[in-house]
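There are 2 protein chains.
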Amino acid sequence: MDADSYARAAGSPEELAEQDRVLGRLAQVTRELMLATMTTEVDHAEVADVTAGLEALTTRLMKQATSGALGIQVAEDGAVRAHGNSVVGHRNPMAPPLQIDRYPDGKALSSFHLGPLYEGPPGLVHGGVCAMVLDQMLGEAAAAGGSPGMTGTLTVRYRRPTPLGDLSAEAWIDHVEGYKTTVQGHLADAEGVTVEAEAVMILPRWAREALDVRPRPTRFE
Amino acid sequence: MDADSYARAAGSPEELAEQDRVLGRLAQVTRELMLATMTTEVDHAEVADVTAGLEALTTRLMKQATSGALGIQVAEDGAVRAHGNSVVGHRNPMAPPLQIDRYPDGKALSSFHLGPLYEGPPGLVHGGVCAMVLDQMLGEAAAAGGSPGMTGTLTVRYRRPTPLGDLSAEAWIDHVEGYKTTVQGHLADAEGVTVEAEAVMILPRWAREALDVRPRPTRFE
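Quick note, the sequences are listed as chains A and B, same order.
Using the numbering used here, the first residue of the first sequence is number 1, and each one after it goes up by one.
Using the numbering used here, the first residue of the second sequence is number 1, and each one after it goes up by one.
Just so you know, these hints were derived from the structure itself, not from any lab.
These numbers come from a predicted model, not from an experiment.
Hints are supplied without guarantee of correctness; some may be wrong.
Not close to chain B: a few residues of chain A, all C-beta gaps over 10 Å, as computed [to be verified]:
#1 Ser-12
#2 Arg-60
#3 Ser-111
#4 Tyr-179
#5 Lys-180
The calculated label-pair distances, taken between Cβ atoms and stated as ranges, are [claimed, not checked]:
#6 Ala-190/B x Ala-10/A: 30 to 36 Å
#7 Gly-68/A x Gln-28/B: 18 to 24 Å
#8 Phe-112/B x Ser-111/A: 29 to 35 Å
#9 Thr-59/A x Gly-192/B: 54 to 60 Å
#10 Glu-55/A x Phe-112/B: 49 to 55 Å
#11 His-175/A x Gln-28/B: 43 to 49 Å
#12 His-175/A x Val-22/B: 41 to 47 Å
#13 Asp-101/A x Asp-77/B: 26 to 32 Å
#14 Ala-17/A x Glu-177/B: 40 to 46 Å
Here a beta-carbon is modelled for each residue, glycine too, at the ideal position from N, C-alpha and C.
Taking the hints into account, I'd like the entire structure generated from these sequences.
So this is what it looks like as structure tokens:
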């Protein structure tokens, strides 16, 4: 990975908005299908028939497709488009996706719903999914405060089980030391905090070098 | 969550095998669709038409479906079926799914492919996905060694970026102290270790109480 990984998004703001609407809808409908795939109890003949239908639709979408990952694009107005991101990606069906409010004093807040797709122990959010969401939130807080970086160390403390359902997450910069930013955060349900996290985010060397010649990147994931 | 969350799987071994085959195939085709959804470049009219087709198939699957999460089932032969699990779930389209080799001395090994769906920074596995996979692997190692538990603390150290592609993971019990099991592990690409992790797994109180009256559970997620 290097600074050139941040490709310029092709299209006017209007074209990009229309693209986001059409492809965002496809991703959302795919999320609903994922849940149906996992919870369906229709008979096996019907499952096989639906499976064949899905294969046909997949073939149609793949007639023209990028061969690699989506990467990160930057629009004309400087907006970062991380549409493939596993946690916030607008086009990534495995992403809930988290919608995050970012504050320039280095805070990030989000409310979201984690359903059956995110299960670990029965009825509970997978501990690894909690870590995944918190990693993203902590990175967002660091970036929002002007100190973006990639995760160096992540420590997650599970205070109590996190039930599947409506949740929220919060993250904030604790302190910045050169290219290292220490961030903290937590995941909560209606009763309060379930999981706490702390991370040290590090600005990669290529980004430090790039800082002299181009605008400081606003985020890395 | 309590011990009763481990429901008995209905069906003979043959019926369960057939169910796994049919529903496993549906999940796999859904994974392929997810990738197509994210990478397609066909025109907007075609995307809209495919989207309508997906909605129709989803409706067919939802005609009869469980309303909640899949939970964990135990088959007649004692085999644990965590088909909804976000990392190893056979029926969960967001799971790669990891196929894990478990050893009774408390080791777990897995080789797998993480494609564009698991992206964070451009071309790289999302740091949170690395943590998610490692949380599962560490839990599997603890369970394999006869000391299952839920994650109490998870510490993840990112040694270098993990490229999307073919990867492997390994986890092992470091030591056991009563109901606390300390496990370690790492994620690696062809060049070697990219991410290291350590966790303390804790056997929940309900499971300790249940130990007296029923077989010790073999895993929790």
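Exercise. Per the stated criterion, does the least C-beta distance between Arg-60/A and chain B lie above 10 Å, as a non-interface residue requires?
Worked result: Incorrect as stated: the minimum Cβ-Cβ distance to chain B is 5 Å, not above 10 Å.
Problem set entry | Separation of Ser-111/A from chain B, once the least beta-carbon distance is taken, above 10 Å | Non-interface label on Ser-111/A holds, nearest chain B Cβ at 18 Å vs cutoff 10 Å.
Problem set entry | Satisfaction of the hinted span 54 to 60 Å by the C-beta atoms belonging to Thr-59/A and Gly-192/B | Taking Cβ atoms as reference, Thr-59/A and Gly-192/B lie about 38 Å apart, which means the hint is violated.
Exercise. Are all beta-carbon distances from Tyr-179/A to chain B longer than 10 Å?
Worked result: Holds, because the least Cβ-Cβ distance between Tyr-179/A and chain B comes to about 15 Å, which exceeds 10 Å.
Exercise. Cβ-Cβ distance between Gly-68/A and Gln-28/B: within 18 to 24 Å?
Worked result: Since the Cβ atoms of Gly-68/A and Gln-28/B sit about 21 Å apart, the hinted range of 18 to 24 Å holds.
Exercise. So the hint says 40 to 46 Å: do the beta-carbon atoms of Ala-17/A and Glu-177/B match that?
Worked result: 56 Å, violated
For this session: Kindly confirm whether 49 to 55 Å is satisfied by the beta carbon distance between Glu-55/A and Phe-112/B.
Result: About 23 Å separates the Cβ atoms of Glu-55/A and Phe-112/B, which means 49 to 55 Å is violated.
Exercise. For the pair His-175/A and Gln-28/B, does the Cβ-Cβ distance stay inside 43 to 49 Å?
Worked result: 46 Å, holds
Exercise. Between Ala-190/B and Ala-10/A, does the C-beta distance stay in 30 to 36 Å?
Worked result: 33 Å, holds
Exercise. Taking 29 to 35 Å as the hint, is the beta-carbon distance of Phe-112/B and Ser-111/A inside that range?
Worked result: Cβ of Phe-112/B to Cβ of Ser-111/A: about 32 Å, so the range 29 to 35 Å holds.
Exercise. Taking the minimum C-beta separation from Ser-12/A to chain B, is that value above 10 Å?
Worked result: 15 Å, holds
Exercise. Range hint 41 to 47 Å: satisfied by the CB atoms of His-175/A and Val-22/B?
Worked result: 54 Å, violated
Comparing the model with each numbered hint stated earlier shows that hints 2, 9, 10, 12, 13 and 14 do not hold.
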